[in-house]
Each structure stands twice: as structure tokens, then as C-alpha cells.
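Chemist: Each chain, written out:
Protein chains: 6
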Amino acid sequence: MAKVTVHRKAHFNAAHRLYKREWSDAQNTTVFGKCANPHYHGHNYELIVAVKGEIDAETGFVIDMKVLKDLIKDEIEEKLDHKNLNEEVEEFKTLNPTAENIAVVIWNILRVKIEVKLELTVTLYETPRNFVVYNGE
Amino acid sequence: MAKVTVHRKAHFNAAHRLYKREWSDAQNTTVFGKCANPHYHGHNYELIVAVKGEIDAETGFVIDMKVLKDLIKDEIEEKLDHKNLNEEVEEFKTLNPTAENIAVVIWNILRVKIEVKLELTVTLYETPRNFVVYNGE
Amino acid sequence: MAKVTVHRKAHFNAAHRLYKREWSDAQNTTVFGKCANPHYHGHNYELIVAVKGEIDAETGFVIDMKVLKDLIKDEIEEKLDHKNLNEEVEEFKTLNPTAENIAVVIWNILRVKIEVKLELTVTLYETPRNFVVYNGE
Amino acid sequence: MAKVTVHRKAHFNAAHRLYKREWSDAQNTTVFGKCANPHYHGHNYELIVAVKGEIDAETGFVIDMKVLKDLIKDEIEEKLDHKNLNEEVEEFKTLNPTAENIAVVIWNILRVKIEVKLELTVTLYETPRNFVVYNGE
Amino acid sequence: MAKVTVHRKAHFNAAHRLYKREWSDAQNTTVFGKCANPHYHGHNYELIVAVKGEIDAETGFVIDMKVLKDLIKDEIEEKLDHKNLNEEVEEFKTLNPTAENIAVVIWNILRVKIEVKLELTVTLYETPRNFVVYNGE
Amino acid sequence: MAKVTVHRKAHFNAAHRLYKREWSDAQNTTVFGKCANPHYHGHNYELIVAVKGEIDAETGFVIDMKVLKDLIKDEIEEKLDHKNLNEEVEEFKTLNPTAENIAVVIWNILRVKIEVKLELTVTLYETPRNFVVYNGE
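Residue numbers (my numbering), protein chains in the order written: chain A, 1 to 137; chain B, 1001 to 1137; chain C, 2001 to 2137; chain D, 3001 to 3137; chain E, 4001 to 4137; chain F, 5001 to 5137.
These are calculated hints, taken from the structure and not from any lab test.
Careful, some of the hints might be misleading.
What the hints assert, rightly or not - Think about it this way: if two alpha-carbon atoms lie no more than 16 Å apart in a straight line, the pair counts; the simulated EDC-like pairs of lysine to aspartate or glutamate are:
(1) K69(A) with E88(A)
(2) K93(A) with D5064(F)
(3) K4034(E) with E5058(F)
(4) K4034(E) with D5081(F)
(5) K34(A) with D5064(F)
(6) K3020(D) with D2056(C)
(7) K4003(E) with E4078(E)
(8) K3034(D) with E88(A)
(9) K117(A) with D64(A)
(10) K3009(D) with D3081(D)
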């Protein structure tokens, strides 16, 4: 059967700051600029989850979009939406919540919830001008 | 010569429903939800056709965009625009018109009209939030 | 207090055809072109509901966006999403479901659900290239 | 001379929370939901500043876009970008930073910097799905 | 009958430069910056034409979108697309082709082609970040 | 470490014409249509630069977005923005400035400025409907 990649968009709004706990404020500002602000800033993260696999001959689906949408809602939006990533999300207590790291965290969460035979790619827009892609490589 | 992928956007508006003829209404609703509505619903499909190949040293083109635009118009828009996919498009009389299957049908139509040495990828947005990609794999 | 207009986006997918019951097929095709197709076609309608009023000094809201979002969901999306407008929506049994008329129907439904002191405007995108605005004038 | 409205887009990223200092946590959560989270969340605010006036016969400009762009940068982006609105922006120490109130604050700041004969309107997107408009009314 | 505003998007690509013939190069650069470059630069202009009027009870249209689309094509796109505005468009031989002035020129051309009872507004995007609106005021 | 692709958007406005110096005007018009206009036309080019590599364990970055943004500004925007590509940009004095060729030129400029271990891809929108991708292949 033909292999198709299906994509679903979702979004969450969160606060974060970029810094390394072990560094001084000055060092954090040098490396992370305004993003190191200890009072936090925030973003509307736009997320695209892509799943690649063979079309099911019965349904014509690679994956049921409704199932994918609910999975993203339950596993990602519930966890990250309207949260302070540094303070309230376990993974970022020791990991800097850069767009790169957030994409990897999202991918790891979804990977175990999606059938192994399906390939998974996560695209995360931090702003309309900055975005990252991770596919488990 | 350098290999570049050129993309052209197009669009068509169509009605469809998702269902399997052999299944009962109840079964179709279980699997396809609101998309199984026997009265049909519809979408503005946005299509991106990508063609990859070497730049022609004379023209600086991989493929003449005007030619690609006209090809999409003649082969895809004429066939699908303002149509009921299930009722009026031959391919979907026995094939469920999911985004996945529509992308494959479009790819198959265009593949034979584009030089073999050029790689072809079709991206189809069913809504601004759902889209699929097919490249013949 | 300052008067601000707040806007909320929503969307629904529907099938429709444009025609006048009293006219012949030929006449309908002359006036409505491909949109008269008796097998229907469809659109992803994107809806923007705008509400204008004074900011509440307590909350800082003109209207609670969550309330507005739920109102649009209950009154408009439930009624129109994944429907055949001509066949399944009472208002369009005798009214041609042009973008203009759909916007007026939506406005009329929402008007009685929103406080009189708030001004209401409905913007409806039939496609990314065609849209209409109605404010009760 | 003809009167034209010119618009310039800009953007800033900020953290905020919605709450009323005098209310209990429970009351704040009832009214503001997830937006009351004491750890903050955040947004990519997209801003459109519109200035209406007569075209200058010499230049063909209503206002020099470069001047408008720099004004927005100096007065708004410098003040709000990568900030915690509640903690770091004077105006929001006693004012709830709803989209409505932020738009009014921005309008008040710009109004005194733009010639009186020019009309001013501020559009502020809190997310791609929620936005507000204020024109001093 | 209800009054609705219908909008149609179109686009054209053109070269231009901003300058005043009577001024020195230095003076033009002072006022118009990089836009004064004598070798020209260019834009993808995106145009939205809005027409407001009563819905026709027979058709459900304010104006036939197909008619509006063709009017824009014949009167505006044919005239401006892939042109050098300063060198090849009569109106701009003596008028600086700022976004403001282009919007007024487009409005004047369309105004005489659209029924007097319909209100006309022209929105012109010079870039995705700069746009102007003119309604004949 | 995980390999992530980070993307940064930028833009420049330029004039150009497509033609081959050795060909007659008639031949150029046959091949390049309206794009051969000797008076030039222009575009708002939107550029996406993608850089793929391992996340740095210290910073959580693949590449500092601020550095990437400044690199694009210094090397590409300064060179191409508000320019006539044919007349003012060395590379296009003998090379037809098609979207394909512009993407290759941009890639070549950036490639030597970005660490060899990082993969580079350039996406260039000539219009919102036409775009090309080049990754050095």
C-alpha cells in the first residue's frame, strides 16, 4: 500500500525562560539574552504532529485524525497548555526549555503512544518566525 | 547541476463523505464519525505540487511554473473542483475519498504527465489543521 | 470605560449548492456556474465573531472569550459542521446558502444570545480568497 | 487629499496571568480558568498599528512607515517584549493584563507620540484565534 | 434587505521606486531610504476588494464574486501585474507609487465600474507587514 | 544527542527580470512570458533558513537563533533587499535570477558561514503560491 504522511495541527500557550542553573545571571544573559529574564516570558506554541505509514485498505486512513487529535490533547495540551514550563513541567526542571528540547520531549511522549510501524515527526513553532523539527534521529 | 524542489499551490472545493459501502450506517458512523454523514460535507482543498530536479542551465528553471500551473489546472482542478468526490469522480466510486486517498489519486494523475527524471510530491490540505503528503513511496 | 472589539475564530466544514428552486437547471447554471452543481460541493468555512463593548472594570474583559467560544460551538458549529446546508439546515431550505446569507443566519442566531449592549459582527470566509462581513445593518 | 489608513505589523512575546489581587485563588480560577495560573503562561502577541490621515502631496505618505516602525519598536517592543507583564510593566501592576487592557495601554502610549490629526487604531492578537481592536472610543 | 460586505482577494507583482523627480538623489534617499534606489525594487502586492450593499433576494448575492473576480483581473491585474509602476503605468508617471497612492488609483479605476449603490473599499498589502486601506473618503 | 532542524524566517524585496542575454526579445518572451519584461517587476521574497544538527547539551540550542538571524541579515538581506537583482547583484549579472538560482546563491553564501557539521536547507518563496527548496544536493 502507498505510504502517506498525515499531519495534525494543535497549539498551547506557555511561559518559560532559558537559563542554566549552574551559571551566573550575567553568563545566562550573555548566552540567552532577553530569553534569560528571570520573570519569564511566553509563547503561543503551534505544534504539527506528522505520522507516516501505509494507508489502511479498509478505512483509507493512515491513522484516524480524531484519534491523533485526542492523543495530542490528552498527552501534550493537558500537560503544557497555560503552564510555566520551567516551574510546572517535570522534564524541564533540569532541561532548558528551548524549542529544540520541547520538541524532543513532545516526540518522546507521543512515540510510545503511537504504533511502532508508524514514523513520527514533530514540528514546533515557538513564534511564526522560529520553528524546529524533530523525527527521532 | 544543483537539484532544487519547486512548489506550486493550487486549490479546489469539493463535497465528500467517508464511508465503506459494505458497512452498515452504524458501523460507518462508529469509524468515520460526522464524516460519514450521507448528505455529504465539504472542504476547500489546498494543494501543493512539488517537483524536484536539476536546474536547466539555459533557463534557470527546474520546470516552467506556468506549465506546472496549467497542468494542475487541466488535470486536477478541472476534474475535482466544485465536484462531489463520491458521486462524480470515477476513482472514488470504489475508493474512500480520505485525504490520504485523494493525495494518491492526484499523484498518480500527475506522475504520468511529468518527466520521469523529475521527482514528484503532493501535499494536500483538507483543512488548515489537517494535511497529508505523498511522494510515491 | 474604553470600548474594545474582541474577536474569536472558529470553523466548520459543510457541503452546499447554490440554486433557486423555481429556476431551471440551465438558468441556475447561468447564474451560479459550477456552484449550481446538483451533487453539491463544499467548503471549510472560517468564522470570526466580533463583539464590541466596554471593558468590565472588574475582569478586564468585554466578554469572556471562553463563554464566546462555547457559544459559537453550541449554537453554530453543532448546527453547521459536517452538514449539507441545503438539505439539513432548516434556514436554507428556502434560502440560498450563499456566503452572504450564511453570515446573516449566523448573526441572527448569535444576536439573541449576546447581551443587547454589545455590538455583534460576523466575518465568514467561504474560501481563503472570498469572505463576507455582516453587522446587522 | 484622499484619506488612507496605513497599517504596520509588529510583535512581542510576554508572560502574564489574569487575576484580581483582591480575589481568592478559587475566585480567580472560577473567573479566569487556566489563565489565572500563578506561575504565569505566555503568548506571542502580534500587533497591528493603523494610522489614518490624508496623503501628503509631496511624499505620497500618510506617515513614513519607517518612522512608524521605529516608534512601535522604541515605545512598545522595548517595553513589553520578553517581559512578565504583571511583574515588570508598571501599567499592569494594578490593571489585569487582558488583551483588551493591553490594547488600551498600547493605544495610550502611541496616541501621544502620533500627530493629533492622524486617527489611531490598535489591533492585538493574543493568539492566532483571539484578537482585539481599540481605537480610543 | 440586510447589507453585507463581500471581499475578493487578488494579487500582482510589480517593480517600483519611491522618489520625487524634482528632488536631488540625496534628498530622495533622505526621505525614501532604500525605496529610492534608482534601479527599482519590487513587491508581491496582495489586494482585497470589498463591496458593500444589500443582498439580492433572488440570488442571495451582493455582487457575483465571479464578476468581481473578472473585473479585478481585467482592470487591475492586466494593468499592473509584472509591470514597472513608475515606467509603464500612466498614473505613476507623475504620482509617487507609494502603497497609499496605488490604493487610491485602484479604487478610482474600480469605482466607475461598480454600481453606485455599492460601497467600495480597497485594501492593499505591499508586504505581509505593511498594508493600506482606502474607501474613497 | 538528538538531531533537530531549526528554522528562521526572513525576507527581502527586490526587482528582477528573467531573460537570457544571448536570446532575442521575442525568444525571451516565448520562454519567460511576462517575467521577461525589460522594465523589471518584483517580489517580496520570504526566506526560511533551516539548520540541522545535534542539540548542544549545555545550551539546548542547535544554533543560537540570534546568531542565525544576524547572519541572514548581514549576508543576505543587506545584499538583496531593495535591490535590482539583475543590475546590482554580482552573481546575477550572468545568471538568470529565477527562484531556483536565487536559492542556490543564498545557500552558497550561507554554507561557508555555518559550521560544516550542520546541514543547511534554504526555502525561498517568490510569491505565496510559488516556492523552492535547495539543500546543496
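Chemist: Within a Cα-Cα threshold of 16 Å, do K4034(E) and E5058(F) meet the stated pairing?
Modeler: Judged against 16 Å, a Cα distance of about 41 Å means the pair is violated.
Chemist: Please work out if K93(A) and D5064(F) have their alpha carbons no farther apart than 16 Å.
Modeler: Given that 16 Å is the threshold and the Cα spacing comes to 21 Å, the pair is violated.
Chemist: Hinted pair, alpha-carbon criterion (16 Å max): K3034(D), E88(A). Please report holds or violated.
Modeler: holds, 13 Å
Chemist: Holds or violated: are the alpha carbons of K3020(D) and D2056(C) at most 16 Å from each other?
Modeler: holds, 12 Å
Chemist: Can you confirm whether the C-alpha distance between K69(A) and E88(A) stays at or below 16 Å?
Modeler: violated, 23 Å
Chemist: Between K4034(E) and D5081(F), does the CA-CA distance stay at or below 16 Å?
Modeler: holds, 8 Å
Chemist: Holds or violated: K4003(E) with E4078(E), Cα cutoff 16 Å?
Modeler: violated, 31 Å
Chemist: Are the Cα positions of K3009(D) and D3081(D) separated by 16 Å at most?
Modeler: Judged against 16 Å, a Cα distance of about 14 Å means the pair holds.
Chemist: With the threshold set at 16 Å, check whether the alpha-carbon distance from K117(A) to D64(A) stays at or below it.
Modeler: Cα-Cα ~15 Å, so holds.
Chemist: For the pair supplied as a hint, K34(A) and D5064(F), confirm whether the alpha-carbon distance does not exceed 16 Å.
Modeler: Holds, at about 13 Å.
Of the numbered hints stated above, those contradicted by the structure are hints 1, 2, 3, 7, listed in ascending order.
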